[in-house]
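Visitor: Kindly generate the complete structure, drawing on both the sequences and the hints.
Residue strings, one per chain:
There are 2 protein chains.
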Amino acid sequence: MTKAQRFLQSFMMHRSVLPELVSKLSDKDLTYTPWEGALSTRDLVWHMLTSSYGFTKAAATGTFERSREKPDFQNVEDLQKAVQEFTDKTVALIDSMPDERVDAMVDMTAIFGTEVSAGTLLQTMRDHEIHHKGQLFTYARLVGVDSVPMFIKRG
Amino acid sequence: MTKAQRFLQSFMMHRSVLPELVSKLSDKDLTYTPWEGALSTRDLVWHMLTSSYGFTKAAATGTFERSREKPDFQNVEDLQKAVQEFTDKTVALIDSMPDERVDAMVDMTAIFGTEVSAGTLLQTMRDHEIHHKGQLFTYARLVGVDSVPMFIKRG
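Chains as they are written, first to last, in my numbering: chain P, 1 to 155; chain F, 1 to 155.
All the pointers check out, no bait thrown in.
No copy is singled out in the list; a pair is fine if it fits within one copy or between any two copies.
Derived lysine-lysine pairs resembling BS3-like cross-links, with alpha carbons at most 30 angstroms apart:
no.	residue 1	residue 2
1	K153	K3
2	K70	K89
3	K57	K153
4	K153	K28
5	K24	K153
6	K57	K3
7	K153	K70
8	K28	K89
9	K89	K24
None of these hints come from the bench; they were simulated from the model.
Guide: So, in C-alpha cells, the structure goes:
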C-alpha cells in the first residue's frame, strides 16, 4: 500500500459519513442559513466537495486552481449525485499518487503564502473536511434532524 | 523528535485555536443551546477538553476512564482556565510517550468494541477535537460573534 492509499483510508473514515448525513436532510433544508451571511446547507456541502477535490488536485498535480462554479441544488438527490461524483474523482486522484508525489512540494503561495509538501496538503484537506463536517452536523440538528450518524465511519 | 512529539505539533494546530475562539464569547453565551437537547456552549468545550484528555490518558497509560465531573462555568475567564489546565496536562502526557508506547495496544472495548493502537487512539482524539471545534465555530456565529479565527493555527 502506498502512502497515499493509507491516507485514503483515513480520509474515507470521514467522507463516507457525508452521504448518510445528507440523506437526513429535506429539500427545503438546502437553502437554510443559520445566521446572516452564513453558507447555506447546500453551499457548505459544495464547499467541502470542491475544497477537498481542489486541494487533492493540487497535491496530485502540483497546480492549485480555485473552483468557480456553484450549482444551486434544488433537491437532496442532486446534491447526493454531486457528493458521489466528487468523492469518486477525489478518491481516484489520491489512489493514483506514488510516494514520490506525496513527498513533492506544491506551490500554495496563493492560499498559505508558502510551499507545502503534497502529503501535508492532503492532511490539511482532511482537517478542513472534518471541520466543516462538524458544522454540517450542527446545521442538520438545527433544521430538526434528530438522529445523526457517528462522526466517523470505520471501514 | 518522537512520534508522539510529531503528533503533538499536529494536535496543537487545532487546540491552539481554542483560547482565541473562546475569547470571542460573552459570559451569557456559555449556557446557550442551539437546539433542544444540545450541549450548551460551556458543555461542548468541556466535552472537548475532557475527551481529548481522557483519550490521551488511555493512549499514554493503557487504561481508559470516563470523566464524570462537569463544572457549571459561570464566566469565560473560568472556562479559559480550564482550557489552559487541560491543554497543559494533555500536552505533558503526549510529550512523555516513547515510540514503543505509541505502538502499543490499548483496550478500548468499552467505546470502540475493540483494541486499538495508542497512535490510532491519538489520531481519533485529534479528529474528535476538530469535529467539535467545527461545531463550536458554528455556536460562536450563532451567538453573534462576527469575526472568528482561522480553523488552524500554524506554529
